[in-house]
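**Q** Sequence:
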Amino acid sequence: MSDNYRSREERRRAMNDNKPEGKSQGKPKKKKKGGLFRKIVAAVLLIGIIGLIAGVGTFFAMISDAPKVDDSVLKNSFSSKVYANDGKTVVKEIGAQKRTYVQYDEIPQVVKNAFIATEDVRFYKHHGVDFYRIGGALMANFKNGFGAEGGSTITQQVVKNSFLSPKKTVKRKVQEMWLAYQLERKYSKQQILEMYLNKIYFASGEVYGIERAAEKFYGVKSVKDLTLDEAAMLAGLPKAPTTYNPVTNPENATKRRNTVLNLMAKNGFITQAEADKAKQVDVQAHLAKQTESTSKYDVFIDQVIEEVKKKTDADPFSAGLEIYTTLDTNAQDYVDDVMNNKVVNFPNDKFQAGLVVVDNETGGIQAIGGGRNRVSGGLNFATNMRRQPGSTIKPILDYGPAIENLKWSTGQPIKDEEYHYSNGTPIRNFGRNYKGWVSAREALGRSLNIPALKAFQATGADKAKEFATGLGLKLDEEDGEAYSESYSIGGFRTGVTPLQMAGAYSAFANEGMYNAPHTVTKVKFPDGTEIDLTPKSKRAMQDYTAFMMTDMMKSVVNESYGTARAVRTPGLEIAGKTGTSNFSAAEKQRYNIPDAGEKDVWFNGFTPNYTISVWTGYETAKDGYILSANETGMAKNIFKHVITHISEGKPKGSFKQPDSVVERSVEKPTSKDLKRPSGSTPSSLITKEYFVRGTAPTKVSQTFVKKEKEKEEKKEDKKEDKKDNKKDVKPKITASYSGGAISVNWSASNAASDTTFTVTMSSPSGSEQLASGAGAGGKTISSPAPGATYSFTVTTNTGQSASSSVKVPDSSDQATEDDSTKPEDDGTTDDNQNEDNSNNDQNNGSDQGDDSSTQPDDNQNSNNGNNNGGNNSGNNSGNTDNNNNDSGNANNGNNGNNNNNGGTTTPPADNGGNDSGSQTPSTPATPSTPSTPATPQQEPTTEN
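Going by full-length UniProt numbering, the sequence shown opens with residue 1, and the numbers climb by one from there.
Please keep in mind that the hints were generated in silico from the structure rather than gathered at the bench.
Think of the CB as a built atom: it goes at the ideal place given N, C-alpha and C, for glycine as much as any other residue.
Just so you know, not all the hints are guaranteed correct.
[Unchecked claim] List time: in silico DMTMM-like cross-link candidates among lysine to aspartate or glutamate, alpha-carbon distance up to 25 Å:
#, residue 1, residue 2
1, K407, D543
2, K463, D543
3, K650, D337
4, K706, E716
5, K189, D313
6, K463, D551
7, K524, E307
8, K309, E93
9, K88, D532
10, K675, E559
11, K296, D349
12, K599, D336
[Claimed, not checked] Estimated spans, in silico, between C-beta atoms of each pair:
#, residue 1, residue 2, range
13, V662, Q702, 17 to 25 Å
14, G775, V700, 34 to 42 Å
15, A776, G740, 48 to 56 Å
16, D282, T695, 52 to 60 Å
17, S484, R590, 24 to 32 Å
18, T259, T494, 31 to 39 Å
19, K672, T494, 32 to 40 Å
20, V662, E93, 54 to 62 Å
21, T695, R568, 25 to 33 Å
22, E274, Q191, 26 to 34 Å
23, T89, E466, 39 to 47 Å
24, R568, P426, 29 to 37 Å
25, P426, E716, 26 to 34 Å
26, R568, G775, 57 to 65 Å
Start from the sequences, fold in the hints, and give me the full structure.
**A** Quick look at the structure:
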């Protein structure tokens with residue numbers, strides 16, 4: 001066995017000796033791998049130790065200059081000074097004087113629970129810093145950027161408000177955590193909560209501390225009297241005191257209170273049933289009447305406090321700040337006078353107004369008119385009240401976006417016509433009428449709704465939203481609804497404030513640069529830290545959009561059709577827009593409001609230096625409605641007074657046309673295309689409009705060129721027609737003897753309404769005028785001389801004439817002879833009456849044809865065809881039968897109505913030169929012998 005063993009061992013060794021050298025190094029390499037891992041671990045540990053040392057070093061470096069925990073600072077407050085825009089004048093010192101300190105044991109548990117559930121649910125479990133909460137805040141900051149969400153506990157908030165500046169930096173946060181830890185070591189949880197509840201800010205009017213808030217909002221003598229719903233409401237206020245104020249914003253306040261109640265139920269402080277019961281209480285049911293009047297500049301200071309708290313998290317009432325503002329005391333004093341009925345006459349005490357004055361270049365708020373008869377902490381109609389803007393939104397949502405995105409001109413043609421929204425709902429103008437094709441300028445100036453909607457649709461809701469957002473109006477986010485087409489004419493669910501509208505309009509005046517309206521420029525803290533709070537300018541629109549919209553809004557003020565002509569002020573260049581909104585059908589019915597009653601009336605206007613937004617109306621529908629001229633014009637009246645006052649003694653300035661804009665003359669729109677005027681365009685139809693450079697029309701309108709040509713053609717046609725009419729007028733006159741008197745009648749074919757006739761008579765006793773005037777007529781000559789011949793001539797004002805004569809029978813011939821008519825012609829048949837008429841038949845070819853077709857048969861007098869010289873084709877044609885039937889009638893071819901049986905016909909004495917060549921007298925026809933003498937009949941004359 002041992003031999004075998006040795007043999008096996010020897011064989012194994014031999015095999016190992018024969019293995020390649022590389023393989024024999026396997027085990028040592030495994031050892032090297034193990035050594036590398038250990039080195040990596042060692043390196044990581046070393047780096048960690050170095051990082052820890054560095055971190056600890058950095059931590060101690062950051063807290064080395066942290067302030068000490070000072071009891072006097074914790075329990076006492078330091079007032080803050082508010083400066084006017086000159087940086088020197090202290091307009092107010094706020095803080096300390098309205099504090100009512102309450103001890104921890106006097107605060108009811110329901111109030112403590114409400115604040116802990118809302119602000120720091122793990123308050124009793126941490127030691128000043130809640131790392132669980134910090135983890136959540138880090139995640140939020142990672143997603144939304146540093147400072148997006150804080151993880152501060154109640155202890156940290158006490159430290160921050162008492163010792164530190166509000167800058168959101170790593171160093172400040174480290175110092176805050178360190179001091180919170182120190183505070184927890186020095187004070188009990190009860191003491192810290194007591195400090196917090198007595199220092200916290202609740203509302204404008206210097207309301208801070210839980211006891212003061214309970215008294216202010218609910219009129220209770222002690223915080224112990226607060227109910228669950230009231231405690232929840234107060235616990236929800238510190239997050240945003242103005243936004244959640246139950247007096248001024250009940251809807252937001254209700255949501256916030258219910259959130260607090262849900263948190264209390266979630267964390268076991270109350271049951272869900274108790275929470276649901278408290279939610280049923282109207283948030284304004286137990287509010288105390290606000291009676292404390294405001295003091296000088298309080299309306300402006302309220303906005304200052306709101307901004308400081310929102311932007312710095314500092315408490316202006318206790319932090320000992322120096323606050324530098326944009327307040328113009330001269331402007332604010334005047335606005336206060338306006339609100340106090342010293343400048344304009346308000347219709348009644350319930351009529352309200354709100355206004356904001358903004359510096360265009362900086363966005364700094366110069367003055368605020370918060371309302372009339374206000375009380376401290378009451379509704380601010382300039383900054384908190386949101387109402388539908390009416391047509392003042394059109395520059396922002398309709399025409400501004402169209403110019404910005406589509407490069408519309410100020411003269412863009414839009415057809416004002418019967419129209420409807422995309423969902424089929426009709427839309428109407430205020431006047432219930434339509435203007436047809438109008439320019440964008442005129443549509444805005446007249447405040448037409450239909451063109452505004454068309455502009456909104458042309459750009460699209462998304463672009464309109466983008467444009468408005470750039471001007472500080474996040475409408476759909478605030479309203480909780482998507483942009484709809486009704487937005488185009490101001491149909492919002494909630495609305496906007498004068499503060500927002502003043503900021504938006506100021507960008508038009510500032511060449512498209514938007515500066516958020518603000519009251520605070522910087523804040524200094526007791527430790528010397530200074531924070532600049534001036535908003536940064538940003539481009540909201542192109543300069544061409546700003547200028548062209550401004551010019552369109554100047555037309556609202558300056559043009560005869562403009563709706564704001566009342567604000568014209570000598571020496572000031574003013575642009576702006578009016579707006580109104582109506583009550584709902586339910587409101588009208590409930591409060592008996594007439595159809596003409598208006599809910600809101602706005603005017604937003606600006607000069608190169610200042611923008612003012614003015615709202616007027618009533619707080620609620622039950623308070624009243626706007627109807628009278630004084631009420632509807634109040635917004636414009638206020639604007640005019642304020643803009644005039646604040647512009648006194650200052651450079652007026654002007655709106656400068658940028659290089660991106662050109663001005664061109666165009667024809668007023670009559671179709672969808674603008675065109676340059678032609679030389680034929682009437683001056684009254686030429687207007688000047690602005691265009692984005694490169695977009696002005698180049699085509700010349702042919703509208704009036706064609707019309708001018710047509711006009712000339714019509715003029716020539718009229719002349720020709722008149723000339724032709726002169727040729728076509730054919731007067732005729734007949735004279736006949738009967739019953740001892742001569743009857744004369746005259747008329748004319750183709751006579752115009754202005755054709756006049758002059759009739760003359762020649763007789764043995766001389767010539768005389770029988771008649772003169774318009775229209776056909778007749779005359780009777782009584783007792784003519786027997787045997788005498790009477791000649792009659794009718795002449796028209798167009799130069800044509802006709803003649804007729806009649807011989808009065810002798811007394812011995814009257815029983816056997818018929819009257820005889822001697823037709824005569826003066827040869828004035830047309831304008832060529834003095835020419836040789838030898839070719840007359842050729843000049844009247846149609847007449848020749850008619851004559852040739854109506855030649856009488858053998859028994860007709862041969863002179864018949866020549867008697868009319870071819871000028872009476874209408875009477876000659878068709879008379880063949882009568883001519884053939886009237887035997888013995890020499891002139892029967894002239895009138896188909898002649899039935900002269902057995903009479904003696906007197907041949908014509910003269911044919912007036914109308915026949916070709918000389919007239920050959922005809923042999924009279926032999927009359928038939930009647931058994932009874934014929935009765936004389938009237939015989940027609942020759943018609944020229």
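**Q** Hint by hint, say whether it matches the structure.
**A** Okay, the hints, checked on the actual structure:
1. K407 x D543: Judged against 25 Å, a Cα distance of about 12 Å means the pair holds.
2. K463 x D543: It holds: about 17 Å lies between the C-alpha atoms, which stays within 25 Å.
3. K650 x D337: Measuring from Cα to Cα gives roughly 21 Å; hence the hint holds.
4. K706 x E716: holds, 15 Å
5. K189 x D313: Given pair K189, D313 holds - Cα atoms ~23 Å apart, limit 25 Å.
6. K463 x D551: holds, 22 Å
7. K524 x E307: OK: K524 and E307 at ~14 Å, within 25 Å.
8. K309 x E93: holds, 16 Å
9. K88 x D532: The given pair, whose Cα atoms are some 17 Å apart, holds under the 25 Å limit.
10. K675 x E559: Judged against 25 Å, a Cα distance of about 22 Å means the pair holds.
11. K296 x D349: holds, 20 Å
12. K599 x D336: The given pair, whose Cα atoms are some 24 Å apart, holds under the 25 Å limit.
13. V662 x Q702: 17 to 25 Å: holds, 23 Å
14. G775 x V700: 34 to 42 Å: At 50 Å between Cβs, range violated.
15. A776 x G740: 48 to 56 Å: Check failed, 25 Å falls outside 48 to 56 Å.
16. D282 x T695: 52 to 60 Å: Since D282 and T695 have Cβ atoms about 57 Å apart, the given range 52 to 60 Å holds.
17. S484 x R590: 24 to 32 Å: holds, 25 Å
18. T259 x T494: 31 to 39 Å: Given about 20 Å between the Cβ atoms, the range is violated.
19. K672 x T494: 32 to 40 Å: Holds, since K672 and T494 (Cβ atoms, about 36 Å apart) stay within the stated range.
20. V662 x E93: 54 to 62 Å: holds, 55 Å
21. T695 x R568: 25 to 33 Å: Given about 31 Å between the Cβ atoms, the range holds.
22. E274 x Q191: 26 to 34 Å: holds, 29 Å
23. T89 x E466: 39 to 47 Å: holds, 41 Å
24. R568 x P426: 29 to 37 Å: holds, 35 Å
25. P426 x E716: 26 to 34 Å: violated, 49 Å
26. R568 x G775: 57 to 65 Å: Given range 57 to 65 Å: holds, Cβ gap about 59 Å.
Comparing the model with each numbered hint stated earlier shows that hints 14, 15, 18 and 25 do not hold.
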